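Participant: Protein sequences, first through last, are from chains G and Y. For the first sequence, the numbering used here assigns the number 1 to the initial residue and increments by one for each residue that follows. For the second sequence, the numbering used here assigns the number 1 to the initial residue and increments by one for each residue that follows.
Calculated from the structure, these hints are not laboratory results. Fair warning: there could be bad hints in the mix.
Chain G is faced by these chain Y residues, among others (derived, beta-carbon under 10 Å) [what the hints assert, rightly or not]: (1) N17; (2) R150; (3) L180; (4) D184; (5) T204.
Bear in mind that the values here come from a model prediction, so they are computed numbers and not experimental data. For glycine and all other residues, C-beta sits at the position ideal for the given N, C-alpha and C.
Number of protein chains: 2
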Amino acid sequence: MGKRKLETCFSPALYENDQHAGSVVVIIDILRASSSICTAFENGALSLIPVSEVSEAKEYKNKGYLVAAERDGYVLDFADFGNSPFNFTRERVEGRTIVYSTTNGTSIINLASSAGTVVIGSFLNITALSDWLISGGKDIVLFCAGWKNRFNLEDTICAGAIAERLMKSNLFTTICDSTLAAIDLWELAKDNLQGYIEKVAQRTRLRDKGLDDCIEFCLTADFTKKIPAIKSGILVDNIL
Amino acid sequence: MGKRKLETCFSPALYENDQHAGSVVVIIDILRASSSICTAFENGALSLIPVSEVSEAKEYKNKGYLVAAERDGYVLDFADFGNSPFNFTRERVEGRTIVYSTTNGTSIINLASSAGTVVIGSFLNITALSDWLISGGKDIVLFCAGWKNRFNLEDTICAGAIAERLMKSNLFTTICDSTLAAIDLWELAKDNLQGYIEKVAQRTRLRDKGLDDCIEFCLTADFTKKIPAIKSGILVDNIL
Numbered sequence: 001m002g003k004r005k006l007e008t009c010f011s012p013a014l015y016e017n018d019q020h021a022g023s024v025v026v027i028i029d030i031l032r033a034s035s036s037i038c039t040a041f042e043n044g045a046l047s048l049i050p051v052s053e054v055s056e057a058k059e060y061k062n063k064g065y066l067v068a069a070e071r072d073g074y075v076l077d078f079a080d081f082g083n084s085p086f087n088f089t090r091e092r093v094e095g096r097t098i099v100y101s102t103t104n105g106t107s108i109i110n111l112a113s114s115a116g117t118v119v120i121g122s123f124l125n126i127t128a129l130s131d132w133l134i135s136g137g138k139d140i141v142l143f144c145a146g147w148k149n150r151f152n153l154e155d156t157i158c159a160g161a162i163a164e165r166l167m168k169s170n171l172f173t174t175i176c177d178s179t180l181a182a183i184d185l186w187e188l189a190k191d192n193l194q195g196y197i198e199k200v201a202q203r204t205r206l207r208d209k210g211l212d213d214c215i216e217f218c219l220t221a222d223f224t225k226k227i228p229a230i231k232s233g234i235l236v237d238n239i240l
Numbered sequence: 001m002g003k004r005k006l007e008t009c010f011s012p013a014l015y016e017n018d019q020h021a022g023s024v025v026v027i028i029d030i031l032r033a034s035s036s037i038c039t040a041f042e043n044g045a046l047s048l049i050p051v052s053e054v055s056e057a058k059e060y061k062n063k064g065y066l067v068a069a070e071r072d073g074y075v076l077d078f079a080d081f082g083n084s085p086f087n088f089t090r091e092r093v094e095g096r097t098i099v100y101s102t103t104n105g106t107s108i109i110n111l112a113s114s115a116g117t118v119v120i121g122s123f124l125n126i127t128a129l130s131d132w133l134i135s136g137g138k139d140i141v142l143f144c145a146g147w148k149n150r151f152n153l154e155d156t157i158c159a160g161a162i163a164e165r166l167m168k169s170n171l172f173t174t175i176c177d178s179t180l181a182a183i184d185l186w187e188l189a190k191d192n193l194q195g196y197i198e199k200v201a202q203r204t205r206l207r208d209k210g211l212d213d214c215i216e217f218c219l220t221a222d223f224t225k226k227i228p229a230i231k232s233g234i235l236v237d238n239i240l
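Here chain G stands alone, though its shape is the one from the complex:
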């Protein structure tokens, strides 16, 4: 049997959705959306409804939904809370459906929706996710959310960490320079992940807004075994 393909995409602007119809696409946006989603499900959330428009989020709020909504790191005034994983506590989210609106997230979910399967990746679920990706039979695309269509280091490092595990299984092949670069950057960063992340642009952006308290947590491996997945446009608890 031939090896399965592993590709990495560094930005929504580089995503070739016509290429990935049969693949599993892993959305990676570790500071902070994909970390928050993993946390929400670990703490018992039922489902997350991604919405793109503020007006749509507000309509849901008026109907009584719990709403997590931010733009550029700022909580929208009508929302219950913003996009820090620390907001998605068990007390707040257990058994609830949450409407979720972020700067980047929803447009990326829409982009990826033509793929066979779309799951959410972060350091928080890296072992469960990687093991599941290895055990499946599909080609894999690691889709870094980036920031405003730009390359970012933190998602690249996480993609590299996942890619390294997949390549070690010997079941995958890659002719994708992005994957090779991501693995090399992960190798550089892994012995001092906190130190390495100090220099990334998003670290500065979050610090400037007082939102950087969650970074150490977002770099923690294996907080959860959940593998959030998108089904019919809704984020659900687990792919399984």
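Chain Y: place on chain G using the hints.
Facilitator: Same frame as chain G, but now just chain Y:
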């Protein structure tokens, strides 16, 4: 005086031409366009006319111009030669105007043309180029050509090599993760550049077409002091 901005762009699909009006943009496409252009001018070419359409290149040929033209690494049948730097010998190019059509090149030149100044970068002219960039007063964008809009490692490594020199001058600042990643990858690659480039996708593509004989040359620092520049849509000998 504040420091000047240094940014790196990994693909034409990520290039934000409205952001770079006052900047110097360095086009980097080392395997093989930017290396060939540097070689052509070192060997005495007068100017290069970039054209995008095959039909346009053919019209020039019919008018008696020397034509270098390829698509996906293959020389077009009416052309005098293709896109290897080894084709641009002194015997062929000295004192001549060459019409030049490549897979990637012309669309990138058009994209960058809204910038203040556009120059061509490669390992072949790295010291002359870096010194000139440092001595100027402008913000800099290192624009990697990539391959069919995808990220590639060889252009990234070269961008990292240039970026390292600029940052060492202490005249630049960057909040661009692409620049940080490029510098880190260059640091990884520089002690064994040939070995590192072995793994890149373009290496495989060129080998499969028997076009990889020029790679070692394209990784050679300081073959020339020329800094090819684009003026009124034409590539000329030197920015100075």
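Participant: Which of the numbered hints above does this structure break?
Facilitator: Of the numbered hints given earlier, the structure breaks just one, which is hint 1.
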